[in-house]
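Engineer: Kindly produce the complete structure, drawing on both the sequences and the hints.
Number of protein chains: 2
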Amino acid sequence: MVSDSYPHLLALDWGTSSLRAYLMQHGRIVDTRQSGHGIQHLPAAGALGFEQALKAIAGDWIQSWPTLAVVASGMVGSAQGWREAPYVRCPANIQVLAQQHVRVPSGLGPDVLIAPGVLLDQPGQIPDVMRGEEIQIAGAMSENPQWAERCCMVLPGTHSKWVEVQQGHLTRFSTYMTGELFAVLCQHSILGRLLPTDRGAARESDREAFELGLAQARSGRPGDLTHQIFATRTLGLTGRLQSAALADFLSGLLIGSELVSGMAARRDMEPMPLVMIGEPALCQRYADALRYFGQPVAAVLGNTAAQGLWNFALAAGLLPTDI
Amino acid sequence: MVSDSYPHLLALDWGTSSLRAYLMQHGRIVDTRQSGHGIQHLPAAGALGFEQALKAIAGDWIQSWPTLAVVASGMVGSAQGWREAPYVRCPANIQVLAQQHVRVPSGLGPDVLIAPGVLLDQPGQIPDVMRGEEIQIAGAMSENPQWAERCCMVLPGTHSKWVEVQQGHLTRFSTYMTGELFAVLCQHSILGRLLPTDRGAARESDREAFELGLAQARSGRPGDLTHQIFATRTLGLTGRLQSAALADFLSGLLIGSELVSGMAARRDMEPMPLVMIGEPALCQRYADALRYFGQPVAAVLGNTAAQGLWNFALAAGLLPTDI
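So the sequence lines, in the order shown, correspond to chains Z and R.
In terms of my numbering, the first sequence opens at residue -13 and continues consecutively.
In terms of my numbering, the second sequence opens at residue -13 and continues consecutively.
Some hints here could point you the wrong way.
So the derived list for chain R, only partly shown, Cβ under 8 Å to chain Z, looks like this [unchecked claim]:
hint, residue
1, Ile48
2, Thr157
3, Thr161
4, Glu166
5, Ala201
6, Ala203
7, Arg207
8, Leu211
9, Thr212
10, Leu223
11, Thr224
12, Leu240
13, Glu244
Simulated restraints, written as ranges between beta carbons of each label pair [what the hints assert, rightly or not]:
hint, chain 1, residue 1, chain 2, residue 2, range
14, R, Gly35, Z, Thr224, 56 to 62 Å
15, Z, Arg207, R, Gly225, 30 to 36 Å
16, Z, Gln281, R, Pro91, 56 to 62 Å
17, R, Gln228, Z, Gln85, 29 to 35 Å
18, R, Ala169, Z, Gln66, 21 to 27 Å
19, R, Thr53, Z, Glu190, 57 to 63 Å
20, R, Gly288, Z, Gly35, 51 to 57 Å
21, Z, Gln153, R, Gly225, 29 to 35 Å
22, Z, Gln281, R, Ala33, 52 to 58 Å
No wet-lab data here; the hints were simulated from the structure.
Every residue gets a Cβ at the ideal spot worked out from N, C-alpha and C, and that includes glycine.
Structural biologist: Written out as structure tokens, the structure reads:
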């Protein structure tokens, strides 16, 4: 039967530096592609750049199945994106995200429905934002009804997110600039001077140095971090750590610092499972650190954006309800 | 009388990015010059670069007064300097610094005596280092015998130092990467994207934004900083702060964070006067922040390196003892 081989959805996980396309049928990925056409690396300026990037990655798919539904999440919906999808406020669930989509012509036939980001803006508090992670969380929720009921999801990365989920809603979250801080300190500060010049090469992680960083983070008092990071230099200058181990110390210190803060924010609450979502090697690093801190991890998931985009398309009414 | 117009000392404050030369007589500065020939910006490679930089800034002085004593402090004594002056350990005073000088021919007649840096290296603790600040502190101590007896000296900057002084000795200290962290975040992270492009231009400081940063720092728990810095973006995205005020928020957050940590380290000790040393505008920013935190400042001093180098030369026996 034709319908069995006809995919339902083209799901686009469209970030700053890369674009992932998932061809989906019955909620499952049947094909996937990736390109470097993140929103800051498009082949042309303006809407044309987005159209060309979409055509390059999935033009043949759309030509083969012209009634494919097309959805997208991530920075593609930011002010610098294809069309801005204004933030929705916490608490938000998949229905709210779907209601607040924006629609843009793809230039190839079907429109693209872009998911909004999420804003946490409580009186007297510093606001926080996410864009793209809310869809990954929606995907993760559908993997286990208990998580949708109540959990904390951690998405480590350039801008790590700690997200509280309750009754299918994303209720509260915090961003940590852990990954970006690590990168700018290694590349642009004095701390990079003692690091090996071939850091890009594959190398063993130094567990002892990583745990020394974790231990420093655990013993840190408020405000200590800008002092503690300088140890990346002094431990090298005094020969206490080899040059090759210094980056692992800094990584442990910054990840540990994020964990100390993230766990403290949940200390006075009822315990909830902690679910990690993201790139496997980085999640492993976080899971090691959490184990060092005695904090169990309920699960480690890979990229759940495709499943989240499927749920988003379903909630937006783009897919037949009997799928 | 000839002796009255014959200076005793050429004192060089020689850092990474600049070189300051002080011509001194009877412990007072009679002339001063500055050049951009910091140790990373020399006119030639190796020792020749240092000789040429010295000749350019003070060759005529040495020619006029060939028996001038010449001393130097700062990164000129680092492993990347003219000659490495290995760190001395805490507790250190001016006599220890003078004993552990290194001597290098200037190429212009007199030798140059270079002061060592100071290392804090206690068992079970992360080590810390300074190079140049120890001489400024020696200069500040001679301005007030009470400070030499017991005080905390704060030298704000790229790498701020909090230094405990007791009975003429530098006993303990901590480095905070406040200034460098501010610079790399503004120049190389996502936080810089919302800042005005003409930040270099002179502008009014936004006191309200600065104090919002201080308030965040004061309410911060351990590890919160890497989350809190992201507010520099979200306060801009949500329009809570004008673009021009965002850098002041980040400045308040980072300076405040340093102060919270620095003051906490002294909370369980007997109170001691807090003395600031450094560039007047930056010291003023710190003094404002300390006032916001209810912490009195005993004094704000400018660059005390010249006085410290005079004391160093005296302790090294380079100057007649009856001066």
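Engineer: For which of the previously enumerated hints does the structure constitute a violation, in increasing order of number?
Structural biologist: 1, 2, 5, 14
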